[in-house]
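Put together the whole structure using the sequences plus the hints.
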Amino acid sequence: MKNVVKKFPGVTALDGISFDIRAGEVHVLLGENGAGKSTLMKILSGVHKPTSGEIIINGKAFSHLTPYDSYKNGISVIYQELSVINELSIGENLFIGRLPMKKLGFFETVDHSEINKRAREILKTVGLNRDPKTAVEELSISEKQQVEIAKAIAADSKVIIMDEPTASLTSSEVESLFKIIRQLKKDGKGIVFISHKLGEIMEIGDRVTVLKDGGYVGTKNISDITQDDLVTMMVGRQISKNYQHENFDFENEPVIFEVVNLSRKDNKVRDVSFKLHKGEILGFSGLVGSGRSEMMNAIFGAEPKSSGRIFIDGEEIKTPSPYSAIKKGLAMVTENRRETGFFHNFDIAKNISILPFVKTSGAGGISGLVSKKAEAQWADEQRERLNIKCYSTKQLVSELSGGNQQKVILGKWLAADSKIIIFDEPTKGIDVGSKSEIYSLMRRLADEGKGVLVVSSELPELLSVCDTIAVFLEGKIVKFFSHREATEENIIHASTAQESEET
Amino acid sequence: MPTKMKERELTFSQAWQRYGTLGILVLLLVILAILRPSFFFKTSTITQILSQSSVNILIALGEFFAILIAGIDLSVGSVVALSGMFMAKLMVSGTSPIAAVLLGVFMGALLGFINGILVNSTGLHPFIITLGTQAIFRGVTLIISDSSAVFGFPASFSRFMAQRIFYVPVAAIIAIAAALILAFLTRQTKLGRNIYALGGNRESAWYSGINIKLHTLIVFVISGICAGIAGVVLLGRVGSAEPAAATGFETYAIAAAIIGGTSFFGGKGKIFGVVMGGLIIGVINFGMNLLSVSSTLQQVVMGALIIGSVTLDRFVAGRK
Ligand SMILES: Nc1ncnc2c1ncn2[C@@H]1O[C@H](COP(=O)(O)OP(=O)(O)OP(=O)(O)O)[C@@H](O)[C@H]1O
Ligand SMILES: [Mg+2]
Chain A
1 MKNVVKKFPG VTALDGISFD IRAGEVHVLL GENGAGKSTL MKILSGVHKP TSGEIIINGK
61 AFSHLTPYDS YKNGISVIYQ ELSVINELSI GENLFIGRLP MKKLGFFETV DHSEINKRAR
121 EILKTVGLNR DPKTAVEELS ISEKQQVEIA KAIAADSKVI IMDEPTASLT SSEVESLFKI
181 IRQLKKDGKG IVFISHKLGE IMEIGDRVTV LKDGGYVGTK NISDITQDDL VTMMVGRQIS
241 KNYQHENFDF ENEPVIFEVV NLSRKDNKVR DVSFKLHKGE ILGFSGLVGS GRSEMMNAIF
301 GAEPKSSGRI FIDGEEIKTP SPYSAIKKGL AMVTENRRET GFFHNFDIAK NISILPFVKT
361 SGAGGISGLV SKKAEAQWAD EQRERLNIKC YSTKQLVSEL SGGNQQKVIL GKWLAADSKI
421 IIFDEPTKGI DVGSKSEIYS LMRRLADEGK GVLVVSSELP ELLSVCDTIA VFLEGKIVKF
481 FSHREATEEN IIHASTAQES EET
Chain B
504 MPTKMKEREL TFSQAWQRYG TLGILVLLLV ILAILRPSFF FKTSTITQIL SQSSVNILIA
564 LGEFFAILIA GIDLSVGSVV ALSGMFMAKL MVSGTSPIAA VLLGVFMGAL LGFINGILVN
624 STGLHPFIIT LGTQAIFRGV TLIISDSSAV FGFPASFSRF MAQRIFYVPV AAIIAIAAAL
684 ILAFLTRQTK LGRNIYALGG NRESAWYSGI NIKLHTLIVF VISGICAGIA GVVLLGRVGS
744 AEPAAATGFE TYAIAAAIIG GTSFFGGKGK IFGVVMGGLI IGVINFGMNL LSVSSTLQQV
804 VMGALIIGSV TLDRFVAGRK
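Chains as they are written, first to last, in the numbering used here: chain A, 1 to 503; chain B, 504 to 823.
Rather than coming from a laboratory, the hints here were simulated on the basis of the structure.
In silico lysine-lysine, DSS-like type, Cα no more than 30 Å apart, as pairs:
#: 1; chain 1: B; residue 1: K716; chain 2: A; residue 2: K372
#: 2; chain 1: A; residue 1: K373; chain 2: A; residue 2: K389
#: 3; chain 1: A; residue 1: K359; chain 2: B; residue 2: K771
#: 4; chain 1: B; residue 1: K716; chain 2: A; residue 2: K265
#: 5; chain 1: B; residue 1: K773; chain 2: A; residue 2: K373
#: 6; chain 1: A; residue 1: K49; chain 2: B; residue 2: K771
#: 7; chain 1: B; residue 1: K771; chain 2: A; residue 2: K327
#: 8; chain 1: A; residue 1: K394; chain 2: B; residue 2: K771
#: 9; chain 1: B; residue 1: K716; chain 2: A; residue 2: K305
#: 10; chain 1: A; residue 1: K359; chain 2: B; residue 2: K716
#: 11; chain 1: A; residue 1: K318; chain 2: A; residue 2: K278
#: 12; chain 1: B; residue 1: K716; chain 2: A; residue 2: K318
#: 13; chain 1: A; residue 1: K359; chain 2: B; residue 2: K773
#: 14; chain 1: A; residue 1: K389; chain 2: B; residue 2: K771
#: 15; chain 1: B; residue 1: K716; chain 2: A; residue 2: K419
#: 16; chain 1: B; residue 1: K716; chain 2: A; residue 2: K268
Here you go:
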């Protein structure tokens, strides 16, 4: 790609970017939220038409690509929001658009036995142990991703682009993804890998290109640089690794939030109790499905609990619904921004103002008027506080880059100005620089006397912000670590080891 | 310059979204004025279009809310008939017109309430629930009327409904007032904001503290009230309550909302658009009568125009 420029109304997303992909390499694309990474890749896949510049594939030059050109020339993209069709089987997904047919008298019908035969072979190469007839909706996120990769292989792609493929994966799933990527490299495919997780980039990348504000910063061989170099290239400064106060003795501070013997009927949470002191940040670790989000949902009233008591400042509160939880001073940044986070039909300002409006309404949340002035003010506050990149808070959220969408979700919940804030995977898709700003923000909130609870699958994140880490296993808290005793090893051990002891 | 062009295109598509339906309406009126200038330039024409559109606009205003939460209300035609019949029965049996009208509108609200309760308690899609209540409400209308028309309302009622204030018929004033109140509700109240939120994303709405069932219930009550008011207006215009009144009116109401830019997927649309949509249908109806198109052919033309105008709208608005 040479000198590619892309302008959206109000922003120049790409300002003369050149980028090349070689066979058999993993080329990492790195940059802050809104730097233009996804846009660059969408130009390759034919979603966006570049304003100027050219694209050269095997010596052939194009001024722009249509999705069909892109497919014909062997380019496949795996978007962060996966595009597999849930209702179809794995096999059908692999060959969608060019299903093998067979003659049946006068008619042509889809040749299912052929599909399944070929699908089985391809699934083997990506290490997915599933019957091709299985419906895709039964698969986990990482399995769906494997189907996407298999789809790219089935299309005989030369270039496979992965836009933040690891954002929702657990560490063991990331490992198996890397195994597949290494195999693809051996087969001579060119891979573009977008991620905000620097550790992963160092592990899997061959070369890295850094973008900043739509401009080109540089391309380097991974072997020549360190993780800190990457941060400097990207953010322009070094960032802090720890956000805890040294020698802070929160045990002597009053308890501001307490949960006692919380359980759910479905047994996903069993008899959980914990306390949060003033100024303390409490993190929750554990494997996916260990019950952390399920517990938060129950506390927040979004899903039913069967027993348990919740206290804020020593006073018991009842949370039969999110409405009552919000009214009593709880907020919860939910894990999944697309499904439980934003309103795609609302602009940024309306998304951010929904909670303050709900919070100040009466009669079960229906009475009262909206105020445009207050709305604009809340939106500007959060835009500034979280450094949301947009040209106006009247912009639709869907026009923002992935990380900035996540910041809008954070802003939405912070705008509620709640006493206790639950963050469930708060930094999904957020760049390293903004992450550090968000960690500082959490610390500031705690210092101001707010309760901060963090659920995260990224251990480094918990280790650098939390004063205490609770480890979940099969719906129970099995251990609390203070940040001084917590290490990746002993947390991982606690979140898995118990299992073998019990059985 | 490429940037310049982009900006102009953007404003054009924005302008279309805002005023496109108004454009279609003006276009239709111009066509009509060219084809039948003698008729067109009479105040009675405007009056007639307004009073004919009022019933449809009123029903469409309620339908709009049902579609806004990604649902639908197929029972509106039957609600118009049943609340109208109820009102008529009250009036002929001596109840004062004011009390009868209020009770009739209340009946509309009650029928909407039943829809809402059924949707909430069964969890079924409103399409199924209101398809069922459409039949039930119509059946009840037939039962209470003994399948025959009711007429002979007090003169005060008929006189009031036939009035004009500065050439504007009372029916139109009622529709405009309803539209203004509902526009206020959608734009200025938290209730309105919450309904848009619910239509945009149910899950997000629930997590944001919006009571899904309460808002669903309110939406169907609004739809019922609007249909109840439409029942009053229809009674005034026709002068009798027919058991088969307003049959098929849900189609026109849905069409008015959709032509007016309401999204079937929920969360998008404006009251102004719905009023425009209702007027467009009114003008098409009036125009075809004026051009003496046979009533059978009118159906075909109407259907084609609905598809045509929505396609045109999507085509222009969706152009990048
Ligand atoms: N459809 C669109 N309309 C208007 N602006 C857009 C659109 N898509 C992207 N942008 C803008 O282009 C810029 C680059 O966005 P892009 O999605 O490429 O960022 P990114 O590097 O992928 O960031 P992230 O790490 O947050 O995913 C942003 O400022 C974004 O707001
Ligand atoms: Mg992106």
